[in-house]
Amino acid sequence: NAGVTQTPKFQVLKTGQSMTLQCAQDMNHNSMYWYRQDPGMGLRLIYYSASEGTTDKGEVPNGYNVSRLNKREFSLRLESAAPSQTSVYFCASSGAGHYEQYFGPGTRLTVT
Amino acid sequence: DQQVKQNSPSLSVQEGRISILNCDYTNSMFDYFLWYKKYPAEGPTFLISISSIKDKNEDGRFTVFLNKSAKHLSLHIVPSQPGDSAVYFCAASAKEGAQKLVFGQGTRLTINP
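Protein chains in written order, with the working numbering: chain A, 1 to 112; chain B, 1001 to 1113.
These aren't lab readings, by the way, just hints derived from the structure by calculation. All values derive from a computational prediction rather than experimental measurement. Careful, some of the hints might be misleading.
[Stated by the list, open to error] Quick list of the computed label-pair ranges, beta carbon to beta carbon:
id, chain 1, residue 1, chain 2, residue 2, range
1, B, Asn-1027, A, Ser-51, 23 to 31 Å
2, B, Gly-1016, A, Asp-56, 43 to 51 Å
3, A, Phe-10, B, Lys-1068, 21 to 29 Å
4, A, Thr-112, B, Asp-1055, 44 to 52 Å
5, B, Asp-1055, A, Ala-2, 33 to 41 Å
6, B, Lys-1068, A, Gly-16, 25 to 33 Å
Glycine is no exception: its CB is placed at the ideal position from the N, C-alpha and C atoms.
Just chain A, with the same shape it has in the complex:
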């Protein structure tokens, strides 16, 4: 039981490049989330998926797209990376009716 896994752990991109961050959970959770963490800002919600087949914008969605591929997997795509997207990205999941979210280990992304 791995919980929430994220790949890659680290990534360096040049401005304008694209990439997809992968997330998978094996807890049979309905809801999945993508956050970014910046110094002094806490965790801010980018996008979330309340259930398979649905996605919604969070607090800071600009510059990102998501895909809920199936119940297990939720990916985050940066179409044209910008230096302002340098951050640590966390994926999380939660079970139906539960507020507690379980987080992956994070992806540290640097855009130069």
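Chain B: place on chain A using the hints.
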């Protein structure tokens, strides 16, 4: 507009003493509150939570207090141990928010031997 605020970026406490971490919120629709602990290079881990129908929840060395009228919650750790050194985030959720969490900025707790 910061709906959840942790006004102390850092806190230093001696081992064995009580650590008190504070959190304030502005949205009266929040009805569930959580504390997360985060070590460097790891994801946040859930620590303890409290529903708005309660004013206290206890789990071992950790107790969370909720003062709804003041829109304030606090996390007490007694006794503090070196392994408690981490960044602590408080988070809040509204019933109508699809279990979305709004996080505070975090407080870095250092326990000194």
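In this structure, is the beta-carbon distance linking Asp-1055(B) and Ala-2(A) contained in 33 to 41 Å? Once the Cβ atoms are compared, 37 Å apart, the range 33 to 41 Å for Ala-2(A) and Asp-1055(B) holds.
Please check whether Gly-1016(B) and Asp-56(A) have a Cβ separation lying inside 43 to 51 Å. holds, 46 Å
Honestly, do Thr-112(A) and Asp-1055(B) meet the 44 to 52 Å range at C-beta? holds, 49 Å
Taking the beta carbons of Asn-1027(B) and Ser-51(A), is their distance inside 23 to 31 Å? About 24 Å separates the Cβ atoms of Asn-1027(B) and Ser-51(A), which means 23 to 31 Å holds.
Could you check the hint for me, namely that Lys-1068(B) and Gly-16(A) are 25 to 33 Å apart, CB to CB? Given range 25 to 33 Å: violated, Cβ gap about 48 Å.
Regarding Phe-10(A) and Lys-1068(B), is the given constraint of 21 to 29 Å on their beta-carbon distance met? With Cβ atoms ~42 Å apart, the hint is violated.
Checked against the numbered hints given earlier, this structure breaks hints 3, 6; the rest are met.
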